[in-house]
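Colleague: One-letter residues, chain by chain:
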Amino acid sequence: MSVDLNTLKTPGPTITALTRPFWDAAAEGRLTIQHCEDCGKDVFYPRPICPHCWSRRLLWKDASGRGRLKSFSKVHKPGHPGWLPAAPYVVGLIELAEGPTMLSFILPGTQPLQVGDMLQLAPTAIGGRVLPAFKPVEPDAEEKPK
Amino acid sequence: MSRSKGAIVGIGELKPQRLTSGVTTLEMIADVSRLAVLDAGLDPAAIDGLLVGPQVGETPQHVPATIAEYLGLAPTMANVVDLGGASGAGMVWRAAAAIEAGMCEAVLCVLANNREETAPRSPNRNPIREFDVPFGASGANISYALLMKAHMAEYGSTARDFARIAAAARANAQLNPDAIFFGKPADVETVLASPMIASPLRLLEIVMPVAGGEAVVVTSAERARSLRKPPVHLLGAGEKVTHRAVSHAPSLTSGPLKSAMAQAFAQSGTRADEMDLLSLYDCYTIMVATTIEDAGLCAPGQFGAWLGDHDLSHKGDRPLNTHGGQLGFGQPDLAGGMTHVVEAVRQLRGEAGERQIGKAGLALVTGNGATMSEATALVLGAA
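Top to bottom, those sequences are chains A and B.
Taking the working numbering, I'd label the letters of the first sequence as residues 1 to 146.
Taking the working numbering, I'd label the letters of the second sequence as residues 1001 to 1383.
Note that these hints are calculated values from the structure, not bench results.
Each hint can be trusted.
Quick list of in silico lysine-lysine cross-link-like pairs, DSS-like style, CA-CA up to 30 Å:
#1 A:K77 with B:K1184
#2 B:K1015 with A:K77
#3 A:K74 with B:K1184
Covered stretches of chain B, as calculated for chain A (at least 3 residues, CB under 8 Å):
#4 1128 to 1140
#5 1143 to 1149
#6 1194 to 1201
#7 1241 to 1247
Using C-beta positions, here's what the derived DEER-type ranges look like:
#8 A:P108 with B:A1193: 23 to 31 Å
#9 A:R57 with B:N1126: 23 to 31 Å
#10 B:L1038 with A:D38: 54 to 62 Å
#11 A:L59 with B:D1309: 50 to 58 Å
Every value quoted in this text rests on a predicted model; they were computed, and no experiment measured them.
Note that the Cβ used here is the ideal one computed from N, Cα and C, for glycine as well.
The shape of chain A in the complex, shown without the other chains (with noise of 0.2 Å):
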């Protein structure tokens, strides 16, 4: 994967007002879901009821863009032409440390992936757009002391 994913021509997504926050926040950097007032969980994607207790009591909160990697996948085959370019490249399934799992791009790290790595968001243009992808978390340079 040497292309620039920015100049790709990949489907973006299909924003509605109910989701327009989510889309807002991952254009600057961030990734934001919802927090359920009433049950206490959170969630993701967007809805306007909590899915676990359907509450409407769901207030915005930026998640600390942490999660374990519960599988990946690297496409070789694109299912949309856009993303020809770009073959292979690794998606997986984000479990965050909020709860809730999201699908995501996963960007190339020093080691070779494995499911239950532990990820970090990392904001990334593609397609003309910042998306929240994430990208491992690198052992050295966590426990690496000053």
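Fit chain B to the known structure of chain A by using the hints.
Modeller: Relative to chain A, chain B alone:
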């Protein structure tokens, strides 16, 4: 064993083809419906129930009325079943339930699709389109690749374990002249050498999309007795819908078929290991692996060892997808799920010819839609 909840008395199937040229879905629905009603020995006027799939190519709305008009039917029960690959199995149970509720007496269940060279891209405006597609995850291949990778990571299952499922399907398809891969066997090495599509998923572990159609006629057990073909009874059924997108799957290594199959076995008073035929939905190899485990045929994660212990051919100890499965037969869109119903009926009638299994008393049929999301299981019994 429990009493019959209804009987499948007629089946129809169109030979799959890679592409159609100018034929409409409605025309194919008419052709395959006629085959099923003829097979049942019923007068078309006796069909008073109609179950169809969603979004027939030419008509996104009023689908049952459009098809009823086209077929010259005036049903007293008409509905859409929209469970993806579980639609075919889901129709059989709904037909039996509608008959028992007094809504109708004889139900035509039909699914068909054309496949023209120039098909429009998806008009979807759903959460998958908004939250998965922009990240590069379009289509089912990537979703099932994620399920397969999760199984490998959790249990240490290997590419070779999965490839055996595709090779077995191809082997069984060599006894089905209508299968798209008839005359084209593929052994494990060939599957493993096929191009990587989305790791760890390879090309020959993915169904080939084809045009085709399938239909069955369901009526009451009482009425079935007077018809020309031996009835195949619905003895138990189960269903479960848990999510749509793979990111929302409650588990990546076990699916809603687990509870659907448990319900079907409980209703019918049967067990998985009593089945003479396993007619398991197989859009991808991982789907068969998970279903074998969820059925309780082996412990979670142990499908590879199970495959090594059993012969899945028609003369084996565990006949599985004797028509070749969709991996060998081809996947005519939603009708692909109904191939598993139609083959089970053939086997339980003793009409499977060269690929007839020995003892043919009980069959398990599974349907699966979206990403291990929609699940229907049927236990069928011979007359």
